[in-house]
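Numbering (UniProt numbering), first residue to last: 1 to 291.
Everything labelled a hint here was simulated from the structure, so no lab data went into it. Watch out, some of these pointers could steer you wrong.
As the list claims (entries may be wrong) - Lysine-lysine pairs mimicking DSS-like chemistry, simulated, CA-CA at most 27 angstroms apart:
#, residue 1, residue 2
1, Lys62, Lys276
2, Lys100, Lys276
3, Lys276, Lys198
4, Lys139, Lys100
5, Lys154, Lys61
6, Lys61, Lys219
7, Lys276, Lys257
8, Lys139, Lys285
9, Lys61, Lys139
10, Lys198, Lys257
11, Lys198, Lys154
12, Lys257, Lys62
13, Lys61, Lys276
14, Lys100, Lys61
15, Lys100, Lys62
16, Lys139, Lys198
17, Lys219, Lys198
18, Lys219, Lys257
19, Lys154, Lys139
20, Lys100, Lys219
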Amino acid sequence: MFTTSSLSTRGCAHQWQPLTTVEALNRIILEIWKFSNLLQPSVTNAPFDAKEDRRFILRYKKDQLALASGYALFTKINGGRKDEQRFHTFVNLIIDINIKEDGSLLIAFDNGELMVNDSGSVTAQSITRIPHSLSRPVKTTLLANDNVLSISDKGDIYICFNHSPRYSYLDERSELADLQLMELIGGNFAIFDLRLQKLFVFQWSSVAPFYITAMHEFKEECTTVDCCARGDVLYSLTQDGLISEWNLISSRRMIRKALYRTSLPNCLQILIADDKRFVIHTATKLAFLVV
């Protein structure tokens with residue numbers, strides 16, 4: 001799946017007014033905060049513009065929540081008596097966000113820029129993590145602590161582990177639009193290939209650009225459209241709304257711990273808001289589930 005390659009440079013810029021996305025992000029923030037203390041199974045829905053096909057990025061740590069889509073970012077901090085909520089829009093497309101241990105928010109953009117959102121102010125990251133040798137625009141990025149993995153629209157890959165940069169590229173079997181990155185525990189990360197219906201598990205390594213530890217294949221009756229992880233548990237979502245909870249136990253084996261039938265059609269994406277609490281993005285709406 002991965003091969004060594006040389007890289008080229010190319011720039012890109014975007015402009016967009018996120019009117020419908022602003023409403024959607026705000027509604028998600030409110031719903032997550034509202035159902036975060038519920039103990040019983042429940043489902044609420046929010047209308048959503050079916051033409052808006054951008055993926056959502058949700059990060060939740062302690063009393064801090066960050067949510068991004070397209071060029072828009074919402075952050076909310078539980079401050080006890082008073083919650084602090086902020087909204088930002090950017091010129092470049094947001095492709096990943098990560099809440100760091102100190103509470104600051106690291107934001108990655110498709111032009112390769114990294115920015116830090118700390119106490120409501122947004123500043124450029126002092127250390128360049130994604131060099132110009134990676135072609136632009138950057139298609140997807142995974143921020144995991146101080147490690148960075150980026151894939152360009154040409155399939156070029158930049159990976160930085162312990163401040164040691166490495167380069168590689170995807171072979172022609174992979175469709176960039178169908179690749180999703182996620183962080184796993186134990187110093188691992190994963191790439192879900194929607195077209196191949198496979199999950200590739202890797203370990204951050206300064207020795208090899210991609211140190212693969214496992215490969216898992218989804219064999220559901222309906223297409224698996226998305227995956228996400230929390231702790232040592234992997235969740236998968238099928239197009240017809242089936243949520244599976246998995247334990248990854250060996251190089252090719254997965255054990256299903258639980259199965260949740262949502263009856264939601266045309267599912268696109270699953271987001272973890274908290275333990276057993278999910279946001280499901282479908283073609284026509286957003287569903288907020290407690291299972």
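We went through each hint and held it up to the structure:
| no. | hint | verdict |
| --- | --- | --- |
| 1 | Lys62 / Lys276 | holds, 16 angstroms |
| 2 | Lys100 / Lys276 | holds, 23 angstroms |
| 3 | Lys276 / Lys198 | holds, 24 angstroms |
| 4 | Lys139 / Lys100 | holds, 22 angstroms |
| 5 | Lys154 / Lys61 | violated, 33 angstroms |
| 6 | Lys61 / Lys219 | violated, 32 angstroms |
| 7 | Lys276 / Lys257 | holds, 13 angstroms |
| 8 | Lys139 / Lys285 | holds, 25 angstroms |
| 9 | Lys61 / Lys139 | holds, 25 angstroms |
| 10 | Lys198 / Lys257 | holds, 19 angstroms |
| 11 | Lys198 / Lys154 | holds, 21 angstroms |
| 12 | Lys257 / Lys62 | holds, 25 angstroms |
| 13 | Lys61 / Lys276 | holds, 15 angstroms |
| 14 | Lys100 / Lys61 | holds, 9 angstroms |
| 15 | Lys100 / Lys62 | holds, 11 angstroms |
| 16 | Lys139 / Lys198 | holds, 19 angstroms |
| 17 | Lys219 / Lys198 | holds, 9 angstroms |
| 18 | Lys219 / Lys257 | holds, 16 angstroms |
| 19 | Lys154 / Lys139 | holds, 8 angstroms |
| 20 | Lys100 / Lys219 | violated, 35 angstroms |
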